[in-house]
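> Okay, here's what each chain looks like letter by letter:
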Amino acid sequence: MKQFVRVFVLAACAALAAPVLAQTPRHGGELVFPVPSEPPSYDGHREETFGLIHPIAPFYNTLLRVDPFDKSGTKPAPSLAESWTVSKDGKTYTFKLRRGVKFHDGSEMTSKDVKASYDKIIFPPAGVGSTRKGQYADVEKVEAPDSATVVFRLKEPSGSFIASLLSPYNFIYKADILAKDPHWYEKNIMGTGPFIFVEHVKGSHVVGKRNPNYWDKGKPYLDGFRAIFTNSSSAEVAAIRGERAHIQFRGFSPKDRDNLKAALGDKITVQESPWDCILLGAINHEKKPFDDKRVRRALTLALDRHTGSKALSQIAIVKEVAGVQVPGTPFATPPAELNKLAGYWTDAAKSRAEARRLLKEAGVPEGFSFTFKNRGIPMPYEPLGVWMIDQWRQVGLNVKQEVIEAAAYFGVIRKGDFEVAMDFQCGYIVEPDLDMYKFLSVDRNPANYGRYKDPVLDALYDKQSRTTDVAARKKIVREFEKRVLDEEAHYLMTLQWHRIIPHSSKVHGWTVTPSHYLNNTLDTVWLSQ
Amino acid sequence: MASYILKRLLAMVPTLLGVAVLIFVLLRVVPGDVVEARYLAQGSQFQSQDLMNQERAKLGLDQPLWKQFTTWMTGIARLDFGLSMWTGSPITEEIKLRFALSLQLAIMASLLAQLLAIPLGILAAVKQDTWVDYAVRVFSIAGLATPSFWLGILMILFMLIVFKWVPPMVFTPFWVDPWQNLAQLIWPALAVGYRYSAVGTRMMRSAMLEVLREDYIRTARAKGLWLKLILTRHALKNAILPVLTIMSLEFAFLLGGLVVTEQVFNLNGLGMLFVQAIAHRDYTLTQALVMLVATFFLFVNFFVDIAYAWIDPRIRYR
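In the order they appear, the protein sequences are chains D and A.
Following this note's numbering from start to finish, the first sequence increments by one per residue and tops out at 529.
Following this note's numbering from start to finish, the second sequence increments by one per residue and tops out at 847.
No wet-lab data here; the hints were simulated from the structure.
No experiment lies behind these values; they were computed from the predicted model shown.
Honestly, I wouldn't trust all of these hints.
[Stated by the list, open to error] If you only want the chain D side, here are some residues facing chain A, beta carbon under 10 Å, derived: (1) Pro34; (2) Pro39; (3) Ser130; (4) Ser204; (5) Asn231; (6) Ile413; (7) Phe424; (8) Ala447.
[What the hints assert, rightly or not] Below, a sample of chain D positions facing chain A; criterion: calculated Cβ distance under 10 Å: (9) Thr131; (10) Lys187; (11) Val201; (12) Arg241; (13) Ala263.
Think of the CB as a built atom: it goes at the ideal place given N, C-alpha and C, for glycine as much as any other residue.
Please work from the sequences and hints to get the whole structure.
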């Protein structure tokens, strides 16, 4: 009996330990991933494309990062700063830096480097481009009182300042190099990240090797990575299917996912998430009859988003019915509340009847024609465009689609030469300040292609931005959402993009988030074989 | 001959100048520029008009068109093609990287095409209206009707489904690892070479049929010369001329025109660079690529004309 108990206990222990052992990160291996875009330069402070983040982020650290295991992609985690405090008035943020962090050239990273990097982003010298300068308009100055402390002084309290420091683009550069040449990082790579730059063959690939002196001891797990630039999704799918690559971090279509799963079975693991990208209907308020909010409301009421979601998610990279925040994230409106907004009602017939009533009331005749401008990109612009036109036809509107070549598109839209057009927004983190900035009056944001001015909306934006209490801020965000999507129907949301990442089951330690700009430092990623 | 060569070389200058004016104007007629492609296309929340203006000034896009053109022309005269507006790297560096792959692919596809086209075309002509001729005609018409990129997709799917293998995604120069190099390039060379050979086979067949009906061939046959000798020594020399022209132009086209095939096989060649340059509204790079391809076409034509004289001594240039 004793023998039996001993064997039973040992077997039970082994069974319990097995999953733990199976999940123990393994060192070694080269992660290979295709990247469907190539960065014009290496300077994260200047560029906006994920084509920079995927191959270049592993060479750098940022001050803070998004917790790599947080599926909502919103939880701040330490990186080069190991802790931080906020003053009572909410205007001073003090960060304590990790000690012993070394740049790849062997020099020590100090607060001087953090200050120089953020000064370049927020207060760029003449001739130096910083695309995110506007995001830090509240920052008065950055100070480095000692080698391990960085202080950000704000003009006003901010509900989103920590989130803005989670930007994966805000690489920490070496101050001495920036002092000599602020453009140096456009053509060179030298950071504190888990991987050291080996080579970039233009149009082909970027290679990184493990940083043996990485400050987070034991990491990274990989010996290196190889980011291969690709030109077509078919080549990327073939690479995953032929096991030439492990993962593609941007996303695949539902059909690609199904094909890969059918071909590779257990060799493929699929991670999915709502995606912090959305196509919006920009309604030009300067063109009649779209200056009438009844017409704009009718346009959004005509869209049966709930049925559209079910059908379109089978063929396109869209799925979730969403307001101004990505579903499942801290500030997102719960579905029951969202469904009260115009265009989100679950009764499509009622919604369309209301749309027809509003059009009639506004004097828009049955069969009224207008042109909808769409961008010449197949996925998901094409299926969404076709769907919207069909929905509008069902309330008696006759819509002609004009497709404009992708590179020329925003130039045309920016000039206001359209009635209704497809607009697009993508963010690196789900945060009201970032996601709602788009909807501010055109004199505050030239990227508001609806070309309207709404001081009430602007005031709501500013109010939520200054509110540091989360519950209070949520309430204001809801008010903002109701005004922009329902009461004024300034813009109309289509469906939230849906991110599908089918990857080799050998890949571990990577979690999908709503942003394809996040989780690319690769320090936590490991390969099981 | 020397004066002819000189004349032809000098005639290239106005042709290239015409191409330069045309591409310069056409690029600027199309809406959008590199700055918009860089800062508006990503859907980011914060867009700064000041930053865009600053970037335009840095790239010289705020200058009058005539000034932009003369700056470009002065650079070309000094063999300085300038910097890519998208990457900021020297254009020669951008092109050099892709040229090796495109040239090797063009050579491989041409060799393959000629190895197929010339013997098959001769065979079909000699065996006119027999099953051999019909088989060659079916083979060549199928080649003409099948787009290279589609054949490429079929090849990849076949290899993927049957052998669970796809060609390497990264170019390795032949002298570094011949096996890796061929493993990547042989498939696009086959896909492109097949269509290319189909054109050559059709041309070779019809040219050979025409020559075989000439009096001097009949005389040679009447003399009792071997068919092999008649074909190689008398018929081929005359029949090859139109084939040479068409194959040479196809070769020039292969250098910059394999856009979709490069996409299918994920090749980092000049075709893809071309597409990216246009999509990014990278004026300087697009202009340089157009000039390169135009120059290449002019030189290929020039060498074909010289080759005509070498192959056919009756042709004399003044």
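> Which of the numbered hints are not met once you compare them with the structure shown?
none
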